[in-house]
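Q: Next come the chains, spelled out residue by residue.
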Amino acid sequence: MNIHVPAQRPAPDQAAAPAAPAPEAVAPGWGRVLRVTVARASLAMVVALVIWSVLPLLAGWTPRVILSGSMEPRIHVGDIVVTRTVPGASVTKGQVITVKDPDHPAKTRTHRVLRRASDGTIVTKGDANPQADSSHISNENVLGLGVVRVPYVGRPAYWMAEQNWLALGATTLFLGWCMVTVLPGSRKPEDTDGDDQNGPSGVTRRYARSRRAAATVAVAAMVVGAATGPAEAAFKRVAANPASVWSAAASFGGYSDSVLADSPQFYWRLGESSGTSAADAKNGRTGQVTGTYTWGKSGAIARQSSETALGVDGGYVNQPTSLSSGTAFSVETWLKTTRSTGGGLVSLITGTGPERSLYMGADGKVRFGRNGTALVTSTTALNDGSWHHVVYTNAGSGSVRAKLYVDGALVAQSATGVTATTSGNWRAGQAQWSGNWPGTPDQYFRGDLDEVAVYGTTLTAQRVTAHYAS
Amino acid sequence: MSVLNISSKKLIVGAAIPMAVVASGAMVWQSSYSAFSATTASPTNNWSAGTVALSDDDSNTAMFTASNLKPGATGTKCIAVTSTGSLASTVKLYGTNYDTTNGLAGNLNLKIEEGTGATTASCTGFTGASTLYDGAMSAFGTTKTSFATGVSSWAPTGGTATKAYRITYSLSSSTPDSAQGGTAALGFTWESQNS
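First to last, the sequence lines map onto chains A and B. Using my numbering, read the first sequence as starting at -5 and increasing by one per residue. Using my numbering, read the second sequence as starting at 305 and increasing by one per residue.
Okay, chain A solo, but in the shape it has when bound (with noise of 0.2 Å):
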């Protein structure tokens, strides 16, 4: 602690010099005896500090300033905290550490280990913070060991740090006050009964002296600021929002709820495995299948991959019980195929042939007709090879009757629809054609069909869409 010693008092050759006069020198006032010790006092204390914390750099420890207040009131912003490096996986609950910034890059972060993550990685916290830090501390970015703490030393590099030139302005008028009054030159001035008579000497000496402090001074500063590393620690504060809930419906229950839900005469699901018939999941129609077809193809419904399909090429299902149909009706289907042939998809069978049909032909575009004229045509072909749900709508009133949708969307409509009611058997994926139907549909479809259902209502666009949706 002696460094600085030259700089604040005389050297052992000049101390004669004041001691020689004094006795006969009448004694310094009690103010000035103030000023000096308070000068002196201070630049000690300055300079104290400022070796306590560059010190430590000859152990390899490392002094960094503090420029941020999240570790308050253990922690000031300017303080200069030195830590010594330890391993990484050392370092325990309640030590406070310097890591690498998780979160700001070439930054680092002195705050206080909480604890270990299951992981293994250290959790840290300020104590200004209410909360830890959410990113955590890998072992080998630890950089160090806090040690020491020397308060006030840093200051002026946060004063830089927020251009905060009036303390730092102030702090050097203070310090330079300090130096000026323990020089002994300083007292002519105030105290002409003091050492005027060291002559030329004196002025000398002061020179010396002055140099010295000074020297010492910056060299300090110097030292202060290369050795200490910048900005620490993090202020953070969150705002959060407590944890939302998602549940899942017991049952998705889906498409077929969805159907149910608007009570179809019948609604043939086609996920059997195997056999001639297809249940109604309604009413109790059980649909006769006959010709060539394969049960268990992929279904329509994407999330219900457990229900299957019906696969027709020269098959069909047909309805056994003969239902009347009016002008309030509706068809819907799932299809898919990548054939250009066309061919019946829903049709009610009066006699031989169709007298109402839901059909595709040739061309792939979805037609719903009736005794060979077109109601309505979608407007893009679906033999794509991709599932199709369709829906066909009839109203007996208003000024659009017949709509046809495609995929949950209304893409065709027409202010003529069915206009009589009509008695018949419905039949999937076959329809013997009497006279030229638009589109030159085969009488067989050939591909796949899947979720077949006929309502004795017209559903709206809504209660569609809500089917395709689910």
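Keep in mind the hints are simulated off the structure, nothing from the lab. Model, not experiment: these values are computed from the prediction. Ideal Cβ positions, reconstructed from N, Cα and C, are used throughout, including at glycine. Do not take every clue at face value.
Claimed, not checked - Have a look at the derived ranges for each label pair, beta carbon to beta carbon: (1) B/T405 <-> A/T115: 43 to 51 Å; (2) B/G462 <-> A/A161: 46 to 54 Å; (3) B/N413 <-> A/T115: 46 to 54 Å; (4) A/V80 <-> B/T431: 47 to 55 Å; (5) B/S478 <-> A/D113: 28 to 36 Å; (6) A/Q157 <-> B/M323: 30 to 38 Å; (7) A/Q157 <-> B/P322: 36 to 44 Å; (8) B/T431 <-> A/M154: 36 to 44 Å.
Said to hold, decoys possible - A partial selection of chain B residues facing chain A, derived with a Cβ cut-off under 10 Å: (9) A324; (10) A377; (11) V385; (12) N401; (13) D403; (14) L412; (15) G421; (16) V455; (17) W458; (18) N498.
Given the structure of chain A, go ahead and fit chain B onto it with the hints provided.
A: For chain B alone, coordinates are given in the frame of chain A:
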């Protein structure tokens, strides 16, 4: 009298330096002790150093409590987050308390947009959206978990600044039946750090 006076004055002046050195040592020891040996103390709020501060308008109510969800279900809410700190800062949004059962979160899509204007949960007046995240809730919950991994590049410069966040969830229409009865939980946390 005069001699005694001079001696005591010399003593006082001479003692100033050793006393200061001893005092500095004591100060460093005390500082180090309180900083590194003691446990945390309750923080005070009168720091001259400045602060960061962040708040939201949720009244501590979870944004979403959605039950009986079926495929295709969707919902949207907005939240306003206000920074009032005096320091320049950066704000990140990340997930907390993530949990899921039956894989529901993997089928929930989460879209987070950052904008301005909305002051109510209903998103009235929300404008200037930029999408911060659009993907599976499960991925957000497992990868966006901290300031370092969070989303947003909002950097308030100090003073009062507000951003609105529009959060939309949707349950995929192709959600498998295996997710029936499943649950998902996720908290949204905005964190501000001084930059």
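Q: Compare the structure with each hint and give your call.
A: Checked hints:
1. The beta-carbon spacing between B/T405 and A/T115, approximately 27 Å, falls outside the hinted interval of 43 to 51 Å.
2. Checked against the hint of 46 to 54 Å, the C-beta distance between B/G462 and A/A161 comes to roughly 19 Å, which is inconsistent with it.
3. In this structure the hint that B/N413 and A/T115 lie 46 to 54 Å apart at CB is violated, the actual value being about 30 Å.
4. In this structure the hint that A/V80 and B/T431 lie 47 to 55 Å apart at CB holds, the actual value being about 51 Å.
5. At roughly 34 Å, the beta carbons of B/S478 and A/D113 sit within the given window of 28 to 36 Å.
6. At about 35 Å, the beta-carbon gap between A/Q157 and B/M323 stays in the expected band of 30 to 38 Å.
7. As the Cβ distance of A/Q157 to B/P322 is approximately 37 Å, the hint placing it in 36 to 44 Å holds.
8. At roughly 41 Å, the beta-carbon separation of B/T431 and A/M154 lies within the given 36 to 44 Å, and the hint holds.
9. With its C-beta approaching chain A no nearer than about 4 Å, B/A324 sits inside the 10 Å limit, and its interface hint holds.
10. At a threshold of 10 Å, the smallest CB-CB gap from B/A377 to chain A is about 9 Å, leaving the interface hint in force.
11. Interface hint status for B/V385: upheld, as the beta-carbon distance to the closest one in chain A is roughly 5 Å, under 10 Å.
12. Nearest Cβ of chain A to the Cβ of B/N401: about 4 Å, under the 10 Å cut. The hint holds.
13. A distance limit of 10 Å between C-beta atoms decides the matter here; for B/D403 the minimum to chain A is near 8 Å, and the interface restraint holds.
14. Using the Cβ-Cβ criterion of 10 Å, the hint placing B/L412 at the interface with chain A is satisfied: the shortest such distance is roughly 6 Å.
15. With a least beta-carbon distance of about 18 Å to chain A, the hint placing B/G421 at the interface is violated under the 10 Å criterion.
16. Hint status for B/V455 relative to chain A: violated, with the closest Cβ pair at about 13 Å, above 10 Å.
17. The closest approach between the C-beta of B/W458 and any C-beta of chain A is roughly 12 Å, which is over the 10 Å cut-off, so the hint fails.
18. For B/N498, the interface hint holds, since its Cβ comes within 10 Å of a Cβ in chain A; the closest pair sits about 4 Å apart.
Comparing the model with each numbered hint stated earlier shows that hints 1, 2, 3, 15, 16 and 17 do not hold.
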